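**Q** Below, each chain spelled out in residue letters.
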Amino acid sequence: MTIFTINDVRKTFITGEVAEEILKGIDLSLQQGEITALVGASGSGKSTLLTIAAGLQPASDGQITFNGRNMTDMSQEQIRKVRASEFGFVFQSAHLVPFLTVEEQLILMLEVSQSKLKKGQQKKEIGHILKLIDMEHRKNAYPASLSGGERQRVAIARAIIHKPKILFADEPTASLDSKRSKDVMELIRNLTKTLNITTLMVTHDEEMLAYADHIITMKDGLVE
Amino acid sequence: MNIAWKEIKKSKVRFMILGSIVFLVSFLTFIISGLANGLSQDNAALIKNLPDGQFYMNEDAEETYNLSLIDPSIQEKVLSKQEQAAALSIQMGFLNDDEDKQRSVAFVTSTDSTLFENVKEGEIVLDRSLEEEGLKVGDTLTNNQFSGKFVVKGFVDQQKYSHAPVAFINMENYKEMHRVNEMQLLFIPAGNEFPAIKGLQSFSNSEFLNTIPSYSAEQLSLNMIVWFLIVISGLLFAIFFYMMNVQKIGLYGILKAIGVKTSTLFKMMWTQMLFITVIALALSIALSQSFNFIAPDGMPFSLTAVTTVQLSIVFLVIGFVGATLSGIQIKKVEPLQAIQQGEV
Ligand SMILES: Nc1ncnc2c1ncn2[C@@H]1O[C@H](COP(=O)(O)OP(=O)(O)OP(=O)(O)O)[C@@H](O)[C@H]1O
Ligand SMILES: [Mg+2]
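Protein sequence lines correspond, in order, to chains A and B.
Position 103 of the first sequence, counting from 1, maps to 103 under my numbering, and the rest follow consecutively.
Position 4 of the second sequence, counting from 1, maps to 4 under my numbering, and the rest follow consecutively.
Hints listed in this document are in silico derivations from the structure and should not be mistaken for laboratory results.
Among the clues, some could well be false.
[Unchecked claim] With a straight-line cut-off of 20 Å between C-alpha atoms, the simulated SDA-like cross-links for lysine to any residue are:
1) Lys-267/B <-> Phe-99/A
2) Lys-10/B <-> Ala-141/A
3) Lys-248/B <-> Tyr-142/A
4) Lys-149/B <-> Asp-100/B
5) Lys-12/B <-> Tyr-142/A
6) Lys-81/A <-> Lys-10/B
7) Lys-331/B <-> Pro-58/A
8) Lys-6/B <-> Glu-77/A
9) Lys-48/B <-> Phe-203/B
10) Lys-261/B <-> Glu-77/A
11) Lys-131/A <-> Arg-189/A
12) Lys-9/B <-> Ile-107/A
13) Lys-332/B <-> Ile-249/B
14) Lys-261/B <-> Ser-115/A
15) Lys-9/B <-> Ile-14/A
16) Lys-332/B <-> Ile-14/A
17) Lys-165/A <-> Ile-3/A
18) Lys-6/B <-> Ile-3/A
19) Lys-182/A <-> Ala-210/A
20) Lys-6/B <-> Tyr-142/A
21) Lys-179/A <-> Ala-141/A
22) Lys-12/B <-> Phe-99/A
23) Lys-24/A <-> Gly-43/A
24) Lys-6/B <-> Ala-144/A
25) Lys-331/B <-> Thr-264/B
Everything numeric in this text was worked out from a predicted model, so none of it was measured.
Just need the whole structure built from these sequences, with the hints factored in.
**A** Structure (structure tokens):
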């Protein structure tokens, strides 16, 4: 089932006098519960497409439909709500909140997404996900005292604790070594499959493609 | 979960530095305004402690009460109509004690009135500060323009004029000493009608205070200092909050990216600002109030609760405005900015 479609999306950046079209009419669709990998040369516009899809920046033209709703017509506030409760993000670096413990990062995300969980359920949910990412023993640690891989695992936990419909991931394994990368991909795959989360993931790493259900290649602002 | 509080707990040092800045400027402002008020009491407590009312002096005196002479017939008329009104005179002068030690005082005399000390001829009532200097009830004092002697009858609190202790004397003695028959001023307390009197110019209490040249000059410069401090602290608040917010742009971006509302971020900043300011103010209030008690006797320092509350409110408002102005950046932060700028 198609849950997310991108239709003829264009993006033009204007730097000074020069206008450069980075996305030249992208079409793609995401199937529920599947992992779609976005690959392509550096500078081909992968990150730009991902952030537009995730509602972090507007497209210059085109249409994005999520769950039957046209995102391009939404107000800033409506997009924020979608981001908060129906999307999850993982980026190249973890971007954790420096003054919150691992556990608090997850509590914050649950609060932001306005999940209607009771205190006890919240605890249970958090305990469960901490077990999945194997971070139970570090739940009271602050980001500064975690290793890169640990931080990235916490970032993944934060991205899916509120059970989003779509997970956007931009090179989630780029800062990790090969062993850790596989662990993290394994984790994303298992979590998204059990929770039926749809994933759009940018990657450079050939090895990671093994975890994807679909692969889309971008070149010069177009899907090949 | 209160993220404002979590951040304060984690970044104690940063918030403590900000808090100590708020504390220092507010403390300084409290102390300076305590001094300003103290000096003003020292300069004009005699007038400031009077109830609101209306002063009258001769038009020809050109707003200089020393030069004013009230026509006795006019005085008679006003005093007979208005029971609470009084005529008074003030002259700076000296008193010598038994050991010929000279003390500068402000001689004050008045017609019968509840507003001023009423003294019999040959008697004198002095400000308490002279008791602290060693004078006692029953001591005799002299003045080179006065043929007789003054016997100290008692002491009163907080009666200062032109930075000198007030000495209340009888009208007859005053007339002899200063070789005048007329009084300088009429005073009618509020609650009575204030007639327009031909040949006399009327002043409210504060207008009258401002005709005393040393008083207005002194207060003007001290109040300038206080207002400068307030303006400077406003700038300091804004600059410090600005710097803090700049450091936190990345954080705000992440929080926005995951869907935190801009208004939540503002609330977070306001909570932190309020927390810091309230603690810093509480500390400087406590300290300046204790300074009120331990200030050396000779130092004119008086910080009233009203002034403290007023200044505290001004500081809270300034802190709020400073934080909000510097927080306009929060509104501008794009979530993407944070994601594209490396590690957090
Ligand atoms: N905000 C922006 N303003 C101007 N140009 C931009 C902006 N963001 C991206 N670009 C340009 O768009 C092009 C595509 O960038 P993008 O980050 O999407 O590439 P990418 O495919 O993710 O590359 P990489 O694999 O290196 O991450 C680049 O040439 C980049 O310089
Ligand atoms: Mg990229």
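**Q** For each hint, tell me whether it holds in the structure or not.
**A** Hints, verified against the model:
1. Annotation: proposed proximity of Lys-267/B to Phe-99/A holds, straight-line Cα distance about 17 Å (limit 20 Å).
2. Proposed proximity of Lys-10/B and Ala-141/A is supported: the alpha carbons are some 12 Å apart, at most 20 Å.
3. Annotation: proposed proximity of Lys-248/B to Tyr-142/A holds, straight-line Cα distance about 17 Å (limit 20 Å).
4. A distance of roughly 13 Å separates the Cα atoms of Lys-149/B and Asp-100/B; the hinted pair therefore holds under the 20 Å criterion.
5. Among the hinted pairs, Lys-12/B with Tyr-142/A is consistent with the structure: their alpha-carbon atoms are about 15 Å apart, no more than 20 Å.
6. Pair hint Lys-81/A plus Lys-10/B does not hold up; C-alpha atoms about 29 Å apart against a cutoff of 20 Å.
7. Of the pairs offered as hints, the one joining Lys-331/B and Pro-58/A holds, with about 17 Å between alpha carbons and a cut-off of 20 Å not exceeded.
8. The suggested pairing of Lys-6/B with Glu-77/A is violated, with an alpha-carbon distance near 26 Å, which exceeds 20 Å.
9. Our distance criterion of 20 Å between C-alpha atoms is met by Lys-48/B and Phe-203/B, whose separation comes to about 14 Å.
10. The straight-line distance between the Cα atoms of Lys-261/B and Glu-77/A is roughly 8 Å, inside the 20 Å bound, and the hint therefore holds.
11. The hinted pair formed by Lys-131/A and Arg-189/A meets the criterion: a straight-line CA distance of about 16 Å does not exceed 20 Å.
12. Under the criterion of a C-alpha separation no larger than 20 Å, the hint pairing Lys-9/B with Ile-107/A is consistent with the structure, at around 17 Å.
13. Distance restraint check for Lys-332/B and Ile-249/B: the Cα-Cα separation of roughly 10 Å lies within the 20 Å cut-off, and the hinted pair is therefore satisfied.
14. With a CA separation close to 15 Å, the supplied pair Lys-261/B and Ser-115/A stays within the 20 Å bound.
15. Only pairs whose Cα atoms come within 20 Å are accepted, and Lys-9/B paired with Ile-14/A is rejected, the gap being roughly 43 Å.
16. A threshold of 20 Å between alpha carbons decides the hint, and for Lys-332/B with Ile-14/A the separation of about 19 Å falls inside it, so the pair holds.
17. Between the alpha carbons of Lys-165/A and Ile-3/A the distance comes to roughly 9 Å, so the proposed pair stays at or under 20 Å and holds.
18. For the given pair, Lys-6/B sits about 38 Å from Ile-3/A by alpha-carbon distance, which is inconsistent with the 20 Å threshold.
19. Pair hint Lys-182/A plus Ala-210/A holds up; C-alpha atoms about 10 Å apart against a cutoff of 20 Å.
20. Proximity of Lys-6/B to Tyr-142/A is assessed by CA-CA distance (about 12 Å); at most 20 Å being required, the pair is judged to hold.
21. With a CA separation close to 23 Å, the supplied pair Lys-179/A and Ala-141/A exceeds the 20 Å bound.
22. Between the alpha carbons of Lys-12/B and Phe-99/A the distance comes to roughly 11 Å, so the proposed pair stays at or under 20 Å and holds.
23. Between the alpha carbons of Lys-24/A and Gly-43/A the distance comes to roughly 13 Å, so the proposed pair stays at or under 20 Å and holds.
24. Between Lys-6/B and Ala-144/A, the direct Cα distance comes to roughly 15 Å. Compliance with the 20 Å bound is thereby established for this hinted pair.
25. Only pairs whose Cα atoms come within 20 Å are accepted, and Lys-331/B paired with Thr-264/B is accepted, the gap being roughly 11 Å.
When the structure is compared with the earlier hints, violations turn up for hints 6, 8, 15, 18, 21 and for no others.
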